[in-house]
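2 protein chains.
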Amino acid sequence: MARIVMKFGGTSVADLDRIRAVAGRVAREVEAGHEVAVVVSAMAGETNKLVKFCTDLSPLHDAREYDAVVATGEQVTTGLLAIALQQRGINARSWQGWQIPIRTDGGHGKARIDAIDSALLIERMRQGQIPVVAGFQGIGPDNRVTTLGRGGSDTSAVALAAAVKADRCDIYTDVDGVYTTDPRIVPRARKLATIAYEEMLEMASLGAKVLQTRSVELAMKARVRVQVLSSFEDRPGSDLPGTLLVDEDEIVEKPVVSGIAYSRDEAKITVRRVPDRPGIAASVFGVLAASNVNVDMIVQNVSEDGDTDITFTIPRLELRRVRQLLEDAQGRIGYGLLLTDPEVAKISVVGIGMTSHSGVAQTMFKALAERSINIQVISTSEIKISVLVAEDYTELAVRALHTAYGLDG
Amino acid sequence: MARIVMKFGGTSVADLDRIRAVAGRVAREVEAGHEVAVVVSAMAGETNKLVKFCTDLSPLHDAREYDAVVATGEQVTTGLLAIALQQRGINARSWQGWQIPIRTDGGHGKARIDAIDSALLIERMRQGQIPVVAGFQGIGPDNRVTTLGRGGSDTSAVALAAAVKADRCDIYTDVDGVYTTDPRIVPRARKLATIAYEEMLEMASLGAKVLQTRSVELAMKARVRVQVLSSFEDRPGSDLPGTLLVDEDEIVEKPVVSGIAYSRDEAKITVRRVPDRPGIAASVFGVLAASNVNVDMIVQNVSEDGDTDITFTIPRLELRRVRQLLEDAQGRIGYGLLLTDPEVAKISVVGIGMTSHSGVAQTMFKALAERSINIQVISTSEIKISVLVAEDYTELAVRALHTAYGLDG
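In the order they appear, the protein sequences are chains V and D. All residue numbers for the first sequence refer to the numbering used here, where the first residue is 1 and numbers rise by one. All residue numbers for the second sequence refer to the numbering used here, where the first residue is 1 and numbers rise by one.
Just to be clear, a hint being listed does not mean it is correct.
One copy or two, it doesn't matter: identical chains are merged, so the pair holds either way.
Stated by the list, open to error - Derived pair list, reagent style SDA-like, types lysine to any residue, alpha-carbon separation capped at 20 Å:
1. 209 with 128
2. 191 with 119
3. 191 with 366
4. 366 with 399
5. 49 with 15
6. 254 with 361
7. 49 with 184
8. 209 with 142
9. 165 with 220
10. 221 with 339
11. 52 with 87
12. 52 with 17
13. 366 with 391
14. 49 with 16
15. 191 with 128
16. 49 with 374
17. 165 with 55
18. 52 with 18
19. 52 with 20
20. 52 with 88
21. 366 with 396
22. 254 with 15
23. 254 with 265
24. 52 with 16
25. 209 with 292
26. 49 with 20
27. 209 with 285
By construction, these hints were calculated from the structure, which means they are not laboratory data. For clarity, every value in this text was computed on a predicted model and none was experimentally measured.
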């Protein structure tokens, strides 16, 4: 017997038929003798509808009221799934964030979970009752509903799994696991049976949108065994049909490269002819930090004639705003020219075995060179190498790298 | 300066434009220097949608989960109206039943309000903040959301007005007040400037569906001055443009008859040839009480040859079920024949002046006789006389009585 937290996303509970199907899946775990708690998202489309109501009424709406409105989506699903479970003869009960309570900080609209009072839930689970918990939300120090930001239900599930000391946290989603790369680009991409938290973190933050990054961070910190699996495919024969996130130490034979990730969500900015003196990078990025712009890759080349160029990437959606910020600060920074390019893609190879192997970067550069793909910017970390290329080359680059690292199935 | 509770029903907050219009109305009271709290219903259609979800999943769904699901409708409206008010520069804050809290009994789906902790709300109102309170709901002794039954937002508003000691509770609805009768039947029906609680109670329970009956009972008990007015008509010139519910003592010249109400929601049942012996009525109505059937008018004629007939009315929607109940009990009760008639209407004249005037009933019987309308059943109380007639005669009867009692405008 294990204790399992099961989490179902918006597409998995999109209508009453799917909610009934989710009840069936939960029933199977219950019948297998497991103690189960369930975390649910809002029915697909509901959150967007509620967000639009708020935005239409006031573009600069109060985050507390936004939270009061938007959190109702998950509340509806908890009640409906509890009814669907009861209809199957299973003892179930809905729980909102304020009822448990799931305590968060006061950051309305993007709150962080501080603590979950799990004693009552554990007691109910031991008695055979299934708690159906609203994802994405908690209660702040001001006794008001808070939400955790988009995709926050993953984080709710992992935090709940940590709080009730679950043996596993199963995240049911519309893909059936984590792949070596996007199967829409590389049909021979393979599903990974296991992936290290650190790798998943890089994959998630690099645009492989399977799990919210914060949920992976939390899983790593609290050592929660997270399994990603499909809510639409049914493989009763297989024990762990998805991808299991595990600690690095649990992977004996560490693959050099586990996967190829890509992201088209970035834009490149080059600030040319910046005076090459101490403090100049601080003056450029100080302007952006003051306006909460999230800067990703940064490259500064060696100086030439006392001037230098600085290149960096930002979220593509912020390009217009950042351009304006930098133009306004031209006098203060003293640069010559501002170049922007939204048509770039970031391609990354990720693998925890990378640290103990040489030549990993060279394989990447060679594979891209053989396809005449120009590398614009390079950035590396312990377990990943990222390059920026022209967006048109995205698929070609991903396929070349998938083959070069021997990942084709 | 007055303290006012304003309540807006589902059609008044049906979309974002109407919510903006409601914010405008609230703003006007605030600008006039009043302290205001607002109670809102769910956007029109939302509650029905949520109820259908529950019913589709399970006809016999758990009332606690029904409450968790259905209560979200009002929660959405509170947040949206708070945003719309803030957008106008008005300090506003949403409040759910569990936050105030509005404490109810544990009767999920049809809970009754026990107490409202109003100290915090009053403090906020004094500071110039507008509480926007979710109608229709509270929190039960089990720390779970409860709902008050359909139309419960009226009761929420009156209870809140009593709790914060409001000078007035304005119920904005899709009619602009209480009329001497239904203006769709009698175009010359007049709007009443005032009506006594007792009269309103009879009008409401007799099918004039302006206010939920429980809200009128509560207003009468707590002496809350309730005004019914339209959220669509705008008469800034007039001080009290609707109908004010007041204590009987406040009405100096009590009208003999204030209004004519009618209801097509009933069905007539006659149990013929019942043995005329003690306890027989108890045996008939015991069967119905055991199944929670709400019996309205009851008539038993004098006996003939040791047998008697009993006639009564029940909600028309329950006719099939009640017929079955009585047929199953025929042996036990020992009646000869069961006659049912769904095509009846109850016509009532209501007025607090009735008690001190003679001939009121005679005016009714004469007016109906002159139009050859057959009276099937008669039932009277202190301030009303009700008769049952064939449904086809409803409009004719209402018009005849409206004229006979001098109510035509």
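List of violated hint numbers, smallest to largest: Those not satisfied are hints 1, 2, 3, 7, 8, 10, 15, 16, 17, 22, 23, 25, 27.
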